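> Put chains B and C on the given structure of chain A with help from the hints.
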Amino acid sequence: MLPDNAGYAYAAYAAAITVFTVYAVSVWWRGRALAARIRRASDGPRTGTSSRAD
Amino acid sequence: MTPPAVTPGVLAAAWTIARKDLTVELRTRAAFLSAAVFTVLAAAIFLYTWDPTAVAAIDLAPGVLWVIFTFSGLLGLNRSFGAELADRAIDGLLIAPISREAVFLGKALANLIFVLGVQVVAIPIVVLFYNLSLGWGAVAAIAGVAVLAATGMVAVGTLFSAMAVNTRLAELLLPVLALPFFVPVVTAAAQATVLVVNGRPLSGALDWIRLLVAFDLVFVAACTVAYPFTIER
Amino acid sequence: MGAIAGTERSPRLDASGGLLFGGGPEGDAARGAALRQLSRPFGWLAWVAVVAFIGDCVRIAYFTPIEASQGPAQKIFYIHVPAAITALYLAFALMAVASVLYLWLRDPKLDRVAECAAEVGLAFTTIVLVTGPLWAKPVWGTWWSGDARLTSTLFLWLIILAYLILRQAVEDRAQRARYSAVLAILAGLLIPFIHLSVYLFRTLHPQPIVLKPSAPSLPSEMLTTLMISFATFVLLFVALLRARYRLATIADLVEDGASSGRAD
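Residue numbers (my numbering), protein chains in the order written: chain A, 5 to 58; chain B, 11 to 243; chain C, 4 to 267.
Looking at chain A on its own, in the form it has when it is part of the complex:
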């Protein structure tokens, strides 16, 4: 008689997929922010660097 615990396995696989997805999206997102920063710097106002917050 097999124990009925497939739910735990599904939860574990879902968790693993979630972690990978979240991390991949975070890499993609940071890449987008960086690209935006490069674009902004190149196309932005030509009169000073005050727009940079940091």
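Treat the hints as calculated values from the structure; they're not laboratory data. Worth double-checking, as some hints may not be accurate.
As the list claims (entries may be wrong) - Listed next, the stretches of chain A that the computed footprint assigns to chain C, with coverage defined by at least 3 CB atoms under 8 Å from CB atoms of chain C:
hint, stretch
1, 8-20
2, 29-37
Stated by the list, open to error - Where chain A lies over chain C, by a calculated footprint (3+ residues, C-beta under 8 Å):
hint, stretch
3, 127-137
4, 193-203
In this text, all values refer to a predicted model and were calculated from it rather than measured experimentally. Built from N, CA and C at the ideal position, the CB exists for glycine as well.
Relative to chain A, chains B and C alone:
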């Protein structure tokens, strides 16, 4: 004190720095007093969150003792390099004709004496609050464990204190960096203390003692070697 | 946008405007390449890894026998164990080794490798920490059994987190690299001590007897699945590391350009 004409040896230089730190501490007593008061307060808080009918004092006291040591140690360590930031005193230390390893060892030595001083306050307080009956042998055994544990904790803590003061988070960062490194030390020391408090000989905790000694050897050496890497300019 | 050459800009504007990529056609080309890479951070390797992961899941679900005593939950084994091994022996080891090499060679690339390995390693240790209790609950009857390896993984996770927090807290790049390298090396020395202390703690405190699921006599079908899973996780690690490393390289270039503009 006249400045030495020749470059002092590493240990002599370390001792000079440790003595400087301890002199400053002796004159102000600010850090020691606050650490001692913290110790008493923490012990009192533990006492009033404790249900004596549920947990025996003898089971709880070693854990309380080591939790207090851990956090009072952090209090002292934070100040170690923080004090050198004022008037950029650290630059004076670094341009002194002594090796950087000596600076580290001196700082660590002062911290070790500081932490041991706090432990001298903490052990009687915990013994008193939890009504432990310890013989002289047991006290000596706990003192020995405390010295071994403090050495490793101080080595790591001193290095991280030197790093943390130069970061944006300053003293907030020290616990985050240091506490994971305190885990094996505190585990070993608390477990050895459990044996001693229960009236059993320290020889039963040989594995823990070995772990403490190995930790001390590895991390005193590693942190001394690593310190110069944190201060290149 | 890339057609605007940087030559007519004043030097001050160029520091922020042309950023690091400099003026002229080469600068524009480098800038274009960076933007292209950022728009598609995941290369072909990532898709290979995704396909491998799907195939791995299919194999685990349909072509691997269900373990008789533990039931379907035992299949967590095929992600838990490969994730743990990848996190410790690939991510964390790479972080420590790259840190040692950084202090020796002072190549910023090595610092980036350590940073990226730490981040990807954090993702893998997170998976270990989530799947561990999910496996322990049905099989051992408790979420957190205090198993030596899982507890060590928890501390590994905390150390990697501390490493990343330290990196966030240091502004100067060379200083950040040195500090984090020192922390990573000390962490490498610490892990054996943590494992030993957790292990000793368990052996000295008898706990409810638990079934060790990683039996050495794994049937060959299960062993094959484990190996496939392991290969899949290595692939996922390499793919994520590669994507993260490209991002770090460009981010460092931008930071260099920005700070060189700020300096004078």
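> Now, for every hint given, state plainly whether the structure supports it.
Okay, the hints, checked on the actual structure:
1. 8-20: n = 10 at 8 Å, threshold three: holds.
2. 29-37: The restraint on the stretch 29-37 of chain A holds, since 5 of its residues have a Cβ under 8 Å from chain C and three suffice.
3. 127-137: holds (count 5)
4. 193-203: violated (count 0)
When each numbered hint is compared with the structure, a violation occurs for hint 4 only.
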